[in-house]
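Engineer: Note that the protein sequences, when read in sequence, are chains A and B. Residue numbering for the first sequence follows this note's numbering, beginning at 1 and increasing consecutively. Residue numbering for the second sequence follows this note's numbering, beginning at 1 and increasing consecutively.
Just so you know, not all the hints are guaranteed correct.
Capping the alpha-carbon separation at 16 Å, the derived lysine to aspartate or glutamate pairs in EDC-like fashion look like this [said to hold, decoys possible]: (1) Lys128(A) to Asp183(A); (2) Lys106(A) to Glu122(A); (3) Lys6(B) to Asp118(A); (4) Lys7(B) to Asp140(A); (5) Lys31(B) to Asp166(B); (6) Lys154(A) to Glu166(A).
Bear in mind the hints are in silico, worked out from the structure with no lab data behind them.
What follows is each chain in one-letter form.
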Amino acid sequence: MGILEVKDVNKRFGGLQALGNVNLSVQENTVHAIIGPNGAGKSTLLNCLIGKLIPDTGSVMFDGQSVLGRLPYEINQMGISRVFQTPEIFGELNVMENMMISCFAKRDGAFRMQAMADMYREKEVVEKAEKMLEDMAMIDKRHDHTASMSRGDKRRLEIAMCLSQEPRLLLLDEPTAGMARADTNNTIDLLKQIKEDRDITIAIIEHDMHVVFSLAERITVLAQGTPLVEDTPDKIKGHPKVQEAYLGEAA
Amino acid sequence: MLGLNKKDFNLLMVVVGLSLFAPFILNIFPKDSAMAFFNGGYPDLMQRFAIFGIFAIGFNILFGLTGYLSFGHAAFLGVGSYAAVWMFKLLGYNVVPGLILSVIVAGLLSVVIGYVSLRRSGIYFSILTLAFAQMMYSIAYSDLFGRWLGITLTNGETGLQVYSNDPQILLGENSPIVPHIFGLEMNARLTLPIGPWEFVFPVGYYFSALFLVLAFYLSIRIFRSPFGLMLRAVKSNNQRMTYTGLNPRPYTLAAFIISGMYAGLAGGLLASMDPLAGAERMYWTESGAVVIMTILGGVGTLIGPVLGAGTIKYMENIISKMNEKLLHEWFGFLPDSLEYSIVWVASWFTGEGWHMTQGVVFMLVIIFLPGGLVEGGQRLAARFGAKSNDTGKTAQPAE
Chain A
1 MGILEVKDVN KRFGGLQALG NVNLSVQENT VHAIIGPNGA GKSTLLNCLI GKLIPDTGSV
61 MFDGQSVLGR LPYEINQMGI SRVFQTPEIF GELNVMENMM ISCFAKRDGA FRMQAMADMY
121 REKEVVEKAE KMLEDMAMID KRHDHTASMS RGDKRRLEIA MCLSQEPRLL LLDEPTAGMA
181 RADTNNTIDL LKQIKEDRDI TIAIIEHDMH VVFSLAERIT VLAQGTPLVE DTPDKIKGHP
241 KVQEAYLGEA A
Chain B
1 MLGLNKKDFN LLMVVVGLSL FAPFILNIFP KDSAMAFFNG GYPDLMQRFA IFGIFAIGFN
61 ILFGLTGYLS FGHAAFLGVG SYAAVWMFKL LGYNVVPGLI LSVIVAGLLS VVIGYVSLRR
121 SGIYFSILTL AFAQMMYSIA YSDLFGRWLG ITLTNGETGL QVYSNDPQIL LGENSPIVPH
181 IFGLEMNARL TLPIGPWEFV FPVGYYFSAL FLVLAFYLSI RIFRSPFGLM LRAVKSNNQR
241 MTYTGLNPRP YTLAAFIISG MYAGLAGGLL ASMDPLAGAE RMYWTESGAV VIMTILGGVG
301 TLIGPVLGAG TIKYMENIIS KMNEKLLHEW FGFLPDSLEY SIVWVASWFT GEGWHMTQGV
361 VFMLVIIFLP GGLVEGGQRL AARFGAKSND TGKTAQPAE
């Protein structure tokens, strides 16, 4: 049993079969990439995992519990964090405040009325946020407003926020999309480091084959809403079906 | 001190100072001088400064932190007043039970309105709150519930007031028959003439100012708390909040209830000033006024709403009193033709036309100082080389 088990998931938007009988098993403590051409249903699948979309049929189990019918914040509290294609951070707040929000969410759960305490006197939260910023080499940016940061830094902060929640499964949706080569390589190194330092399962959707083959231990190829193959990176590279899905029949 | 950092404590002291010395600051011109007209230091107006300051501070906790623009906050002000007057009718003129009930009733009403309205955000939320408030206004104006129950609940368009045959069970032989705090009459005042000046220290004002300081202190604590941080998270990125394991709804509802209770307190204090309550206090223009006060002062800043409320109430009370006769007196020294043309222009912006002035000031502030008066203060401070004087600004101004 993998930590994430997707069984016979179907999702239809009007006449479009976005996902057709998707089966996927992500093993604990691996990096599992999901690749596929545009419109293959990668993002739809991801959205079904975090409660943004609800599949028409099928089941999604995380650590033996169904995530279907739960709200996004409940799924997150179960231990699934998601990094978005465009970095989703709190744009009007500074780096430290961003970090503290996720640290409070980890400590206090979905809601806690703590209206009279000074947030900077909540020692364990402040220390945890600072520690995470140090680990991510962002501590000198703690007072920066996020609106003026580079995309690479925003991505780094978003990942830091997700990690401070100590998730068991980290979902990454094209984490290097729109990034310069240097930023992309930095992100790859960062993710490798994260994987080395902690017990975490990473599921990653990516277009950039350089990123995929640098990180992934297992790869699932999705085409037209259905998984074509699932295998190790070496086997996927030369797989005829994959070539076909990516390059068309002429290849 | 008091759980505040140094900067916030100083800001609190500024508000305490302004509140304590308002009778001096607002009576800067000698009593008989020509400029005495611009003195705002009379009891009625000073009380309004404090009360609408409370109203705006509470509104800012919702609008400034979460970004949810309620367009129906006058409903809470209105029910606060009705609740207080009912306490005067049933128990007697002591304002304390009245204020307690007005906060409770406004709190309960905001649970209901908030629970429904917060299912939507943005413009839909604003429209829902506006619809609720207008419903409350109509209900109060026609005394709908009272007629169903066969009693007088809001007394319709006459307004709710205290009659001599009301129960007033706590009214003793020697109790004052005006609102009072354990015997100290709200409209009592101490007048202090110094030379040509005359300073008035009204009980009602200081009572309201005490609540203003308390309300301001609480709002600083909320702004600086983890709860306040979450409210700013709601405004900044609802999606990220949800995918960080936080449930935005109870946070926004709590903010809505808190700001509703602030409005209820303000309504109760209005009734304590003058023991009657009318439906017009819930009319949508009143809801609009608190939005304007908050934006004018500086949305999301700590002191902005207080400044905004003061400015609007000052204009409402002083500029609206400038009538044509007065204008002719002021410009009488000019040649007739010039006098008449100036008065003709000025009369558009004074007296009944004070709304024009309000509109122009509001537009100028929005265009040139999007952060409100607080931003103006910061720019001035920066220009004159003063140390950066952050007045508790924590959020970007509204667009």
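Engineer: Work down the list of hints and note, for each, if the structure agrees.
Structural biologist: Status of the hints after comparison with the structure:
| no. | hint | in the structure |
| --- | --- | --- |
| 1 | Lys128(A) to Asp183(A) | violated (26 Å) |
| 2 | Lys106(A) to Glu122(A) | holds (13 Å) |
| 3 | Lys6(B) to Asp118(A) | holds (13 Å) |
| 4 | Lys7(B) to Asp140(A) | violated (23 Å) |
| 5 | Lys31(B) to Asp166(B) | violated (41 Å) |
| 6 | Lys154(A) to Glu166(A) | violated (19 Å) |
In this structure, the hints that do not hold are numbers 1, 4, 5, 6, in rising order.
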